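A.B. asks: Now for the letters of each chain:
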Amino acid sequence: MSELDALVERARTLDKGSVARLISLFEDRRPEAVRDRVRVLELLDAEGADRRCAVLGITGTPGSGKSTLVSALTGRMLAERDDLSIAVVAVDPSSHVSGGSLLGDRTRMRFVPDERRLFFRSQASETDLGGLGPSSFQVCRLLSRLFDCVIIETVGIGQSEADIRHLADRVYLVLQPLGGDEVQFLKAGIIEVPHVFVLNKSDEPSSETSYHQLRSSMWLARPFDDEPPPIHRTSATTGAGLEELAGDLLTTIDSATGCSLTEREPYFFERWVDDEWGRVGTRVLVDELGGAAAYLSACDGYDRAQLDFGDRVRASLS
Amino acid sequence: MRAFGELWDEYTRDRFGVKDEKYRRFRYGVQVNSLGLTESQPENNAWRILIEALGVTLSRDARARAIQLPAWNEALSLPRPWDQQWSLRLQQILAYETDLLEYPDLFEGSVVVRSKVDELKAQAREEIEKILGMGGVIPAIESGYLKSALVRSMSERMSAINTGEQIVVGLNKWTDGLPSPLLGGEDGGIFTLDESAARDAIESLERTRADRDPQRVEAALEALKAAARDGSSMMEPSIECALARVTTGEWAGALREVFGEYRPATGVEGQQLGLSGDRVDALRDRIAKLADRLGHRPRIVVGKPGLDGHSNGAEVIAVSARHVGFDVIYSGIRLSPDEIVQSAVEEDADVIGASVLSGSHLELAQQIMDRLAEYGAAERIAVVFGGIIPKGDFDKLAAIGVRRVFTPSDYELIDIMESIVGLLESNAAA
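From first to last, the protein sequence lines stand for chains A and B. So the first sequence is numbered by our numbering: it starts at 1 and just counts up by one. So the second sequence is numbered by our numbering: it starts at 1 and just counts up by one.
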């Protein structure tokens, strides 16, 4: 058995070191990593045809208490379901000056010794502003094959939190009781993204007003809804509303289908082309290859499409 | 402290309505800080301590009721009994050999002191108003505002020392000197932990547990938890806990069960370091090249194992590492070696930087290396240590598997970062 095959075997048991190293492989931007990824997915798919996984997005403004909420929710969910496993990927912004980052979301997570059913990984957004990192999709492809649920936690600070919609089956927007400015901010588009609203810190006095403001702005901001989206009121301090919200997450997990994220590949392929090849790449993809969806189905899978794409660009330029 | 005393008087009178002047008098004791003490030329610390002591004793209107002075060698180790005695003698000389205590306030009427006090008070008031605007000190703690201000101040101080803007004698100026005779002697002028002390403590704990009435212990803990849950006073049940000889660990554990564990804001987010120039640029280039070779930007987990709360070192290292281009995972202080290692394993970190000032670096290094080995990650994740670590322990740490050790004499942040990057480069090449 090759070293990589052995690593995949151990990762199946959710051994932390092995899962962590595979994640690094799926974050690796060197071209040679693609071949290893193909192998890993082959191995995982060979014995996991009936696997199901839900990808849940949790986004919200800085200070809304996302991380504490994720910590409390995962704790409840794991306590309620003995056989459930959850991976959390928390994305934080990188410095534009040094390229480095401070990944601080772990701070809020409870430490459970030797608990394999809960895995936590931080990720830097790198060049991307606040939303997903360039390898978030790749990492989800891996984790969705190992865990029952992948939670992506992102900082929503503007346009970029819309990204999460392309990756997650269900998006939860966490808000804290609002001031006047933040109501303006809501109108700026963020309100259209989530499937579920979470009004956190509901023990604060201004929470009641915020709830009604939010409720009443829904029909105006989201004319596309048949039913208004649920608004959960939670407090990590008192524990209020956590059970209902955890219930919503569990229901989503129960209704999950498949785990390969295939239908999300075209969008993230376009992004990858833009990241790696810029406008030239995008032009080749659209004009010569008929767009991401057509090119992906012509190639043998996402990874081979990435491997071959360099040749396509070079052929087009020569 | 003059400014503080006056502000205290004004706030207790105007905000809290304390009418009797006697009850508004600010009585305080002070533990003079050891931030300014240096590891290099440690004899100079004696003068620093004297000057700090004068600061809280000279002026009668703002005089501390009790002082606890640090020892000359606190940047090298915990103080020995003799070191503490030397600091105590300074207080006794001040009290009994001088006539300091016989006069009214010496600064009364000084124009310079008055203007300094007024300036400080104005700045403090501005800050207090700002915090009140946030809803008071508790929201300011929870939002991380206070901690950020502390980390910013420390980062600015370190940057100023690194650039030479702030002079620290014997550290970044007049660094040549004769060897210090204080560091001679069999123990090298430092305190070494008696290994039997930990054993004795554990034995005494076990004896206590064996001798007490377990039913009474359990009932006391249940009563404590019940009080914590329903919000009634925890004092009575706590007293019963003490009488039942519940350990502090059990007592705190019961409260953790009810309240959970508080993780304070780390204060490191959004901090800038005032360091730039060729060396920073060169190091960022090296990190970019290293990232190409590794397939990812190098990741460092900065951790502070143990209960000691001196967080400056860990914070400045976290801020510096991000400044030069690391992805930094920092979860604050008071973590167990288990938590730090699990973070490093899950994050697939390249290096753990552990900060230890409590003197227990050997034990903690061993625990970290053992846990890493259990995860099969001891080869993959390098471990470096920083803190108050005597030179005599460097070889022992190396034998345990620690790859680099940094002490207060390594005050140049960019030197430390270059050393860690160098270590990762040689690992990547191997």
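Derived from the structure by calculation, the hints contain no laboratory data. Heads up, some of the hints might be wrong.
[As the list claims (entries may be wrong)] Straight-line C-alpha distance at most 20 Å; calculated SDA-like pairs for lysine to any residue: (1) B:K225 with A:S98; (2) B:K147 with A:R108; (3) B:K289 with A:T237; (4) B:K391 with B:A428; (5) B:K121 with B:S153; (6) B:K289 with A:E32; (7) B:K225 with A:T238; (8) B:K289 with A:T238; (9) B:K173 with B:Y411; (10) B:K130 with A:G63; (11) B:K147 with A:D28; (12) B:K289 with A:S98; (13) B:K173 with B:K289; (14) B:K173 with B:T407; (15) B:K289 with A:A46; (16) B:K289 with A:G63; (17) B:K289 with A:D28; (18) B:K121 with B:K289.
[Claimed, not checked] If you anchor each label on the Cβ, the simulated ranges turn out as follows: (19) B:G133 with A:A49: 31 to 41 Å; (20) B:A373 with A:P223: 26 to 36 Å; (21) B:F16 with A:E243: 18 to 28 Å; (22) A:V112 with B:P214: 45 to 55 Å; (23) B:R216 with A:D203: 34 to 44 Å; (24) A:W219 with B:E236: 32 to 42 Å; (25) B:T163 with A:P229: 34 to 44 Å.
[Said to hold, decoys possible] In silico negatives: residues of chain A with every beta carbon more than 12 Å from chain B: (26) S122; (27) S216; (28) D254.
For clarity, every value in this text was computed on a predicted model and none was experimentally measured. Positions of the beta carbon are idealized from the N, C-alpha and C atoms, including for glycine.
A.B. asks: Which of the stated hints cannot be reconciled with the structure, identified by number in ascending sequence?
C.D. replies: Violated hints (numbers, rising): 1, 3, 4, 8, 11, 13, 15, 16, 18, 19, 20, 21, 22, 24, 25, 26; every other hint is consistent with the structure.
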